[in-house]
Structure formats: structure tokens, C-alpha cells
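A.B. asks: Spelled out, the chains give:
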Amino acid sequence: MRALLWKDYRMNRALLIVSAFVLVSPYAIGFAVQYRNAQSTGMWGGMVAAMALAAMATSLLTISLLAANAFTQERTDRSAEFLACLPPSRLCILLSKFALAFSVSLVMWVVNLVMGLVVAPALGDFQPSLADPVSFLLPTSALVFAAGWGASTVMTSPVGAWGVATATPLVLGGILYASWYYFGVPSEGEFGSAYSVAAVVVAVVGFAVSSVLYVRRVEP
Amino acid sequence: MNESNEAVIEFLGVRKRFGTQEAVRELSLRIPRGCVYALLGPNGAGKSTTIKMAMGSLRRDAGSIRILGREVCDDPSWVKQRVGFVGELQFIYRWMRIAEVIRFCSSFYPTWNATLCQELVRRFELDPRKKVRHLSKGMTVKLGLLLAIAHEPEVLILDEPTSGLDPLMREDFVDGILRNMCDGRRSILFASHTLQDVQRLADRVGILVDGELLVDRPIDELLRTTKTIRAVLTDEKSPRRTPHGAIVESVDRREWSVTVSDFSAGQVEQVRSQNRVESIDAVNMNLEEIFKAYVRGRRNVA
Chain A
1 MRALLWKDYR MNRALLIVSA FVLVSPYAIG FAVQYRNAQS TGMWGGMVAA MALAAMATSL
61 LTISLLAANA FTQERTDRSA EFLACLPPSR LCILLSKFAL AFSVSLVMWV VNLVMGLVVA
121 PALGDFQPSL ADPVSFLLPT SALVFAAGWG ASTVMTSPVG AWGVATATPL VLGGILYASW
181 YYFGVPSEGE FGSAYSVAAV VVAVVGFAVS SVLYVRRVEP
Chain B
1 MNESNEAVIE FLGVRKRFGT QEAVRELSLR IPRGCVYALL GPNGAGKSTT IKMAMGSLRR
61 DAGSIRILGR EVCDDPSWVK QRVGFVGELQ FIYRWMRIAE VIRFCSSFYP TWNATLCQEL
121 VRRFELDPRK KVRHLSKGMT VKLGLLLAIA HEPEVLILDE PTSGLDPLMR EDFVDGILRN
181 MCDGRRSILF ASHTLQDVQR LADRVGILVD GELLVDRPID ELLRTTKTIR AVLTDEKSPR
241 RTPHGAIVES VDRREWSVTV SDFSAGQVEQ VRSQNRVESI DAVNMNLEEI FKAYVRGRRN
301 VA
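Keeping their order, the protein sequence lines are chains A and B. Counting in the working numbering, the final residue of the first sequence is number 220, and the numbers go up one at a time with none missing. Counting in the working numbering, the final residue of the second sequence is number 302, and the numbers go up one at a time with none missing.
Keep in mind that the hints were calculated from the coordinates and are not lab data. For each residue, glycine too, the CB sits at the ideal point set by N, CA and C. Hints are not guaranteed to be accurate.
Derived pair list, reagent style SDA-like, types lysine to any residue, alpha-carbon separation capped at 20 Å [claimed, not checked]:
#1 Lys137(B) with Ala80(A)
#2 Lys131(B) with Ala167(A)
#3 Lys130(B) with Ser211(A)
#4 Lys131(B) with Leu176(A)
#5 Lys131(B) with Val114(A)
#6 Lys137(B) with Gly184(B)
#7 Lys137(B) with Asp166(B)
#8 Lys292(B) with Asp220(B)
#9 Lys292(B) with Asp183(B)
Take a look, some chain A residues computed to stay more than 12 Å from chain B by CB distance [unchecked claim]:
#10 Met1
#11 Leu4
#12 Ile17
#13 Phe31
#14 Leu86
#15 Pro87
#16 Ser89
#17 Val114
#18 Ala122
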């Protein structure tokens, strides 16, 4: 398992660097832009909260890339065929990939939540409420992860899998919008919560089904 | 060869279809311990498909494949720990260095022999610091062979193992390495187009054409009993009766040649008595000629 983890880490090293950059850059830009203003107005808390929100939004990109790349990368260069002839079970291969993609996604979310919900209030000045955006971004994040992961288990192209990952929230939103438009369900006031619940359900089911199918599949 | 009766690799009624095309039809064969089995066939005959199914990386439509007594699909990890495999093409991680590939693969095999691995690195002149992407085709094949052999597998499955090797390295591989592996305990299944290698190594030969196993015999027996009967006819009329066991025949004006399996002197007499012939003789064949005869015979029928 350690060897598989090492291999997956090495294969995704460039993406991990991009993830770190995407995680840090909104805060760095925020600090740079706000530095002079903050000295006069003292709005550090507001800036950190806003940048945490921006970082959560941009993390969707890297989370979808990590998930979409999980299996497709090896299928593209056909090293999956080499791996398939080695003893590790499909489950071990899957767990190793999941450990990497999920842990990086988790770290990004934990850092951003800590910055937005702990650090920003501690700085004690005006700041926007993060509850609503987080309740939208977190399920969306789970959805793009699961969609990218699911597409990656069956597709060969990382670009295709990433396309599926990014399109899925739009499709889900479109379906809910059509349902509201034609049937009035969900009601306008419940649209946000309906989207969040649907996104989480689709993510969990999609992730579970695609993982089981991958483990049961014979072909690399 | 030191064959025991125990079947190390066993195919039973295996079938595989790609769309409407039947790639493997009702394949049944049994490779005993210590046997070196060569699977021959023209391109597209189903050799690689058969080998992929044996390695558990391709789903079969019907039948059963057992390696060392275990169904491949039931316990693929257990089987893969005991099988060394070299594919037709090498898809080793191109970004890894040779040392990294070796470290990566060795972690999956409890039986990995580091001393043997070092010896093979020296013998194959592999530079551990080199990245796989910088290796030539031949060097990549050598690395694949090293990875297949260094864990001292009980079974070796090789799909065109010597393609991409220069003649010297091929000879070294066949005579030096594979021969050493044939110690009576290991079984080897290999697909090859290089019939010289097959003739030097194999105990048993299978000829697969259009997914069907036409021959499955010990190589000595195949060479001894497959002959071409050549007859000169008294006129240019087609011969009346072909002998029993005919694989392929051709008539060129008055010269009639027919290749037969299980040759016996009686077949010559049968040809002489049933056809008007001026002269007749039986000619020995080498493996390449036998292989071509089976393929042509099958294609003519088709």
C-alpha cells in the first residue's frame, strides 16, 4: 500500500503543487491588495473571510482535477495495464488513489474553513456571513469530486473526466431549475437547500457505485 | 523438462468475443508443471487475448482458467504473486527511474530475490539512475523481463518476450536466462513469432488460428509426425482422394503436395493406390513449415 501511495503521490506531484498554489494564492493576493487599506481601515477579518470564500471556490477546480485524474492518467499512458499485472488488488489501487485525492481535498477545505470561520472572526472586524456560500460550495465540492472520480473510473481521457466533473453541478442545477419552473418543486425559498441535499446524495451514490464498479471490473 | 501430471495452467472451454468477432473459441489446454509451452499463431489469432485472460486483465465470456489450481478471477492477487509476466508492449511507468521501478515492484512480492535482481541489472546493463522514458525499446523489454523473473515465479507468461531485442541479447535471454528458468519446477507459457526460439525452448506447441487451437502436441511428436507427401501425377487432372489427416494441399500442374499430420507409411500407399501417380515421397518439415501449413490449411477452409 505504501508503494502505491508513493506512486500516486509522484504521479500527481504537479497537481499537488498547483493545489497548494490555488490554496495559498487568494490569501496572498488578498494580503497584498489589502495591506495598505488594512493599515488605515483595519479590515483584516473581512479580507480573510472574503479570501477564504474565494479559495473555497477556486478549490473546486483542483478538487475536480484530482478526482478526474485519479484513474485516467494511468489509462492514458497505459501504465494501468502494467499495474494490472502486478499483485495489488483493485481495492488497494482504489484506496490509494482515494487516500491521496480525498486527503488533499480535505486539507484544502479544512484550511479554508479554519481561515473563514476561526481566523477571520478572531480578527474582530466586519466580515460577510459564510454560512450560505459554504452550504452551497461544500456540497458542490463533494459533487465535482464524485463526478470526476466516477468518470475517471471508466474514461480514458482526463480532460473528458474533468469535463464531466465540472458539468455535473450545472446539470443538477439545471434539472432542479426545470423542476421548479414546470412543477414548482422545490419552491423558490427551498431551492438552495434542495440543491445541497441533491448534490450530496448524487455525490455519495455516484462515488459508491463507481467505486464498486471499478473494483469489480476486470479490465484496467 | 521434468513434467509432472499436475496442471499448472489450465484453460477449459474458454471463449472470448469482441463484438461479432470470436477472438477465442472453446479453448481448452493444459500445461503441466515444468513444461515450456509455446503458443504460435498469426497476427490476430487470439494469442494476446488468451494471455490477457490468463493474467486476469481481460474478462472472458465463458470457460475457466486456473493457474496453480486457483481460478484466476477468484484470487487474482494470489495468482499474480506467483506469475511473472512480460507483455507484448511494455507500459512501465515512464517517469520512474529504473531503481524506482524495481523498488516499487519488489514491494509486492514476498519472494523477491534482490541478489538475482542485481545480477540481472548487471547482465542487462541497466543503469538504475536512468528514467524509463529514456530507455530504448530493447532496454525496456529487458527491464520488463527483469521484473518478471526477479521474484522467482512458479509460472512465467510471456507474450512475444524477445521482440525488440537484438539477436545477441535474444540469444542470451533464450539460452542463458529462460533455459535456467526451465528447471523442471517452473512452467512457461509463451507466445512468439520467433520460431527458432520456440524450437530451441518449447516442450509443447499450440497453434492458434482464428481463435481456435488447431494443434496441441509435444514439439518432438509434431516434428516427427507432420510430413509433406509430394507426388507427381500422371496427368494434370486433380487428385481424386486426399489422404486422411491432410492439413493443406496444393496442386501445381502435375505436382501435388499434401501436408499430413500423424504421418504413416500407409498414407503414402493410400495416396498411391487411390490416385494415378508417377512418383511419390514423404518429406520432413521444420516448425516454420508446419506452422505455415496449419495456417494456410485453416485459411483455405475458411
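A.B. asks: Which earlier hints can't be squared with this structure?
C.D. replies: When the structure is compared with the hints, numbers 2, 3, 4, 5, 6, 9, 10, 11, 14, 15, 16 turn out to be violated.
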